[in-house]
Structure formats: structure tokens, C-alpha cells
Amino acid sequence: MAKELKLMKGNEAIARAMIASGTDGYFGYPITPQSEVMETLMAEKPWEETGMVVLQAESEVASINMVYGGAATGKKVATSSSSPGISLMQEGLTYLAGAEIPCLVVNVMRGGPGLGTIQPSQSDYFQSVKGGGHGDYQLYTLAPASVQEMYDFVFDAWDIAFKYRNPVLILSDGAIGQCMEKLYTRDYIPRWTEEERRKNAPWGTWGKPANRPHNIITSLELESSRQEVFNHKLQAKYAEMKEKEVRYEMLNCDDADYIFVAYGSSSRIAMKAMQMAREKGIKVGLFRLITLFPFPTKQLAEVAKHVKGILCVEMSAGQMIEDVKLATACGVKTEHFGRFGGIIPTPTEVLEALENKIIK
Amino acid sequence: MANTDIEARKQELLNQGYTEVYTKTKVLTDAVMHYCPGCGHGTTHRLIAEVIDEMGIQDKTVGVSPVGCSVLAYNYFDVDFQEAAHGRAPALATAVKRLNPDTFVFTYQGDGDLAAIGTAETIHACNRGENITMIFVNNGIYGMTGGQMAPTTLIGMKSATTPYGRRVDLNGYPLRITELISTLPGTYYVTRQSVQNPAAVRKAKAAIRKAFENQKLKKGLSFVEILSNCNSGWKMTPVQANKWMEDNMMPNYPIGDIKVDGKLVENVDVNRLAVDHPLTVMQ
Amino acid sequence: MAFKGQIVIDTEHCKGCGVCLAACPMQCLELSKNVNGKGYNYTQTVNDKCIGCASCAMVCPDGVISVYKIKC
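Residue numbers (our numbering), protein chains in the order written: chain A, 953 to 1312; chain B, 9 to 291; chain C, 45 to 116.
Simulated from the structure, these hints should not be mistaken for laboratory data.
Idealized CB from N, CA, C, for every residue including glycine.
Careful: at least some of the hints might be erroneous.
[As the list claims (entries may be wrong)] Anything over 12 Å on all C-beta distances counts as not near chain B; from chain A, calculated:
id, residue
1, K955
2, A972
3, D976
4, G1003
5, E1010
6, K1027
7, G1068
8, C1131
9, D1207
10, K1224
11, G1261
[Stated by the list, open to error] Quick look at which bits of chain C chain B covers, simulated, 3 or more residues with Cβ under 8 Å:
id, segment
12, 59 to 70
13, 73 to 81
14, 86 to 95
Given the sequences, and given the hints that come with them, work out the whole structure.
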């Protein structure tokens, strides 16, 4: 497939980007609102075209562990799910992070807790960037705000995953996953050849040639002193990501008296609320997070120096706001506005919240 | 004897006209296994390594180790290895094989890993007929965590969590997962072996060899249960434990092939209930 | 045709489990009264009746026994 303008769903974009970015394998389990990812892959039959393996597993527990096994051979392996399924994957994710295995996981969030609702939500922020599973680890977390970004971030994810030997999470939500938008596709990147795999993933377990020691993929180290050294190494990796891989977008922040901080679907709503505010003469800007980990702490702190207030807009009871307050050291009035349980706020509600919670 | 003395002695014998009958395979590393003296894990490791050696597939083999006593198996095999989360080895192996069809993939799991926490992964890998080899070491107890009840613990058998013996009304029946998976169309070869004496070891090795040969022929899933002792957990000497295994484990877990070349072996009743067999006293 | 056997035991890595003693058809083996660096009473040969059958090596969980034989 060459570069083309298309109309498609966010979930379909994820699937097509996987095929186009040279992904070697996908293992998944159906759950609303992301089932179109695997449905698209199964309908496209990429195994005939690119040799990509696609398998429906018996559970999310199995699919994330299939990702572990496949990705540990140095191949590009991905899965996708939605909130309850991602909860089941937390064990696998901490093992993946602990064994330093590059891979891609997509979470098309729905409302919780528990089985919750199948409607969009953003209440998995803590789970995504504050651990989720046990142990000190981080996932590089990208938050797409459009179908185009759903597509593009899959390509970006592979670069980051293999550069840092770390799992990458695309944290989307049911609104972006289900909505249809225009999208520019890209030229196909072929799957890695055997030589490329060996060059890009020399640590992989594909069968030990006579001229190298056996490769071991494990997250176990019984000797505490060595485990601590390893943890320092992980932390150094995360620090490097914080230094080099932060992504964000600022709109109208230069002259803003107030800013919205948001990511994903909420940033689209906040953008409209910002336009409405400007029409009313209120100088509002939008600081959109693209990476949730690493969080754009320094950049947000800089902007916060010259604003009177920050409204965090998130479809949750208030999770991201904690990192916003940490970034600004609570130096500026900061409030949360969110609808949750599957309800998407309107731009009018967001603007009213700004006026009531911050400006008044 | 130091290593150099051993090698010198071996060379001396060869110089005197002796032929080598047996020596440890190079597919095992020089690392000293952490297993308790007399544990069947060591023997089972050796047999797998010997089969890999004899088939000349060291450079194409990927192993998957479990959580439990054999969690560190990756240190003992000189082949590429992955360490799985508890019970998930068949899921890892599924992906390794599907993404790398030319490799030989084997899982190595204990009874808690394969038949309790990993039951779903076990059954579905078997049911899909993944072209892999599964090695299942059954000693009826959780060794690593200190001797708790396993799904395969016998009725009446004492463990740290069944201190008065396993009771059906409290704990249910011993799970004969090998018989269970033999009924799935995806399994091609299912057998139960043991490693407590030379004859048993020879048969177990032949079974493991067959399981790897099946993989070479892309026949589907081969499953080899190795009935083993846990002398520490059972609180016996290794020799006593092997005897206890023969007297008590084998009536419940009979040795032999259950399914060969995709067909259930005649006269093997996979549905038979676990024997309510009076156990000999555990010391 | 009879064979005479010899075994070489890596006594430092022997764990003294005694499984080989039970497997030997010629009663050639015993556990030493001495211990190795790990504190195990290691296996040693006690006579020259070995026929090189390798039963001991076959059952050794730690692979510490190598077996050689010669026609006699």
C-alpha cells in the first residue's frame, strides 16, 4: 500500500499501521471497544502479504505472554485491548519491562472500575504511568488524539521500543478508536530480514549459533545486589527517555492567561472550548500531552509560570492532575474537570468549568 | 578431583584403549544445578540436553522455563532460553514457534505451573496443536515454595498446606492433566514416563526424542510427563522417595504412552478416576 | 563377551544422593566417609567389578559420572 488519503476508524488505523510498519506478529483477545483491531487484521490476512502472524489467544493473559515469547525472539510483536483486558495484562507487562523486551501494547480505554462500561473513558492514566503491575518500571506511553495519530504512533512506537528495549503503550480511548476520520497512509516498511533482526536485536532468543553464548530472556535475579544494579540501569533508561523523548503540543500558550492541560479525546474537546473562550475574549491556551510517560514536566512548568490558572480536562475522576500539580509544584491554581463512566464532556461544559473553577 | 584431573583421567582411559560409554553432554552448561540431591529435574534436564545434542539442533532450539524449582533451567541448558511468568510458558512457546517456524521449541514446567495456574495456557496450546514439545515434571508438590499442595498431590498425601493429608471434600481430586489433554485433537503424542532407574531413564529419553522428532515432522503438540520425586518436600532420602513414588504415585499416574501418532493407545482409560489408594506412610 | 568398565566421578560436584548406588548392578559404588567442598559424602568406587553398563551415569541427576569400557 502506498501513501493514500483514506477514511477509517481509529481501531482500523492501528491494525493497518501494524501491517504497514513491518510488524511480525499480533496476538489479541476480543473486547469492546477495540475488537476492530484484530477483526481488521484477520480480514486483511497480512500473513499472505507480509508474513505477519496473527492469532486470537484464549485470554488477555495469554496474548500478552505470547507477545513476551514472540518479542523475546527479537521480532516486532504487538497486542491491543481495552481497560479490563489491560488489567489482565499487567503481569505480562511488568515481566516485559523487567526482561527489557520491546513490544507494542494498545489500550483503547473504556470506563471502569470493574466491567464498567463500554463507552470511552480516560481512567487508566494511573495504571499506565504509575506502574499498573508490580515493581519499579515504566512504559513509554503515547496518547493519540486523532485517527492519524493512531496510525502514525504505531510507527513511532517501534523506533522507541527497540531504541530503549522497552515496551511501548499507545493509550487511546473508545472515542478515538471508534470514530472515523481522514487519514494519510504511509508506504509499507518491509518486515525485518533475518540479518536485520540479528543486528537490531542481538539479545534475541532465536537459536544460539556456535559463535555466541546462549541468550537468556528473564526478569529474575535472586542476588539482590545485582537486582539493584539492574534497577539502576532501568531508571537510567527512563531518565534518558525523560530527557530526549518527551512529546507535547502547545496551542495559544504564548499569550494565555489560562491553559487547559489534556490528552487524547479530551484535548480535542478542550481545543474547541479554547476557541469558544477566545471568542468571548478569555485568553486560553491548550497544553496537549502526547507522551504521558515521560511527562513534559519542565515544559509545562515553564508555561505555568505566566498563567493564572490551569484546568486539567480528563475523562476520569482526576488522575493526570497529580502530575500537573507535581510539574508546577502547585505554584498555580489547578483544578480538574472530567466526566466519567463513559460520558464525554461537551466544550461548553469545559468552558463553564474553567469560568467556575478557575476564573471566578 | 579438580576439573583438570578429571579430564586427564578421561584421556588416560582413552589412551589405554577404553571407549567412552557416557559423559555429560555439552548442551548442558558447567553451572552446578541448584536442585536438591537426587531430584528428578536434573535427570530430566540431562535427557532433554542429550536429545538436543544427538539431533544436532542446539543452534535451533529455544527453551521456555517456568516459575517453580526449574525457574533457573535457563542457566543449565546451553541453548537460547526464555523465562516465563507462572504458568504462561505454553503462551510464550506458541509465539516463539509461530514467529520462528524453523526453531525447535520446548517448554519445561512443573505441576503447579502447568496444571494449576497455567491450566488455560496448557489446554489451549494443546488444543491448537501448536507444533512444540511440552515437558511436564510431576512430583505432586510445590517444591520451590516449601512443599505446599499441588493439583497433582495424592489423596491422603501430606504437604505444608495439607498437613493432615489431602482430603477430597476440602481439596478436590488429584488432577490428571496428561490424560485430560490426551483427549484433545491437537495433541499428537502424549506419554507419562519416569526417571528413577536406568530402565525408566532409557524409556523417558526415547519419549523425549520422539517428542522432538514429531516437532521436526511438524506433527503438532507432543507432551511428555515425567513423574518425579521431591525428596525434600516428601521428607525422605532420594532412594526412599523413588520407592515411595513407585508405590504411591504410579498407581495414580500410570507410566506409559497414552496417545501415539494422534491416536489414543488401546486399553488406556483416560476417564478412569484417580485411585483411592492407601498411601504408604510418609516418613 | 565381557567388558571391564571404569568410571570417572566429578566428586566435587557430586551431591551424594545415592541414586547411583541403587542403580549399580555390580554393587561397585559407595558413599565416601569424606565430604567434598559442599559437604556432601560423594560417590566412590569400592571394587573393580564395574562392567561399564553406565546405569549409574544414566540416573545421576547432576551428570557427574563418565563411563568407559574395554573388552576383556
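Evaluated hints:
No beta-carbon of chain B comes within 12 Å of the beta-carbon of A/K955; the shortest separation is about 28 Å. No Cβ of chain B comes within 12 Å of the Cβ of A/A972; the nearest lies about 19 Å off, and the non-interface call holds. With 12 Å as the threshold on Cβ separation, the claim that A/D976 sits away from chain B is violated: the shortest Cβ distance comes to roughly 6 Å. The beta carbon of A/G1003 is not kept farther than 12 Å from every beta carbon of chain B, the shortest such distance being approximately 10 Å.
Not every beta carbon of chain B lies more than 12 Å from that of A/E1010, the smallest distance being close to 4 Å; the non-interface claim is violated. Interface exclusion of A/K1027 from chain B breaks down, the closest Cβ pair being 5 Å apart, not more than 12 Å. In this structure A/G1068 is separated from chain B by more than 12 Å, as the shortest Cβ-Cβ distance comes to about 23 Å. With a cut of 12 Å on Cβ distances, A/C1131 stays outside the contact zone with chain B, its closest approach being about 31 Å.
With a least CB separation of 52 Å from chain B, A/D1207 remains clear of the 12 Å interface cut-off, as annotated. For A/K1224, the condition that its CB be more than 12 Å from all CB atoms of chain B holds, with the nearest at approximately 43 Å. Every Cβ of chain B is farther than 12 Å from the Cβ of A/G1261; the closest lies at roughly 45 Å, confirming the non-interface assignment. Coverage of a stretch by a chain is defined here by at least three residues with a beta carbon nearer than 8 Å to that chain's beta carbons; for the segment 59 to 70 of chain C and chain B the count is 8, and the condition holds.
With a cut-off of 8 Å between beta carbons, the segment 73 to 81 of chain C has 0 residues touching chain B; three or more are needed, and the interface restraint is violated. Counting residues of the segment 86 to 95 of chain C whose CB falls under 8 Å from any CB of chain B gives 0; the rule of at least 3 is not met.
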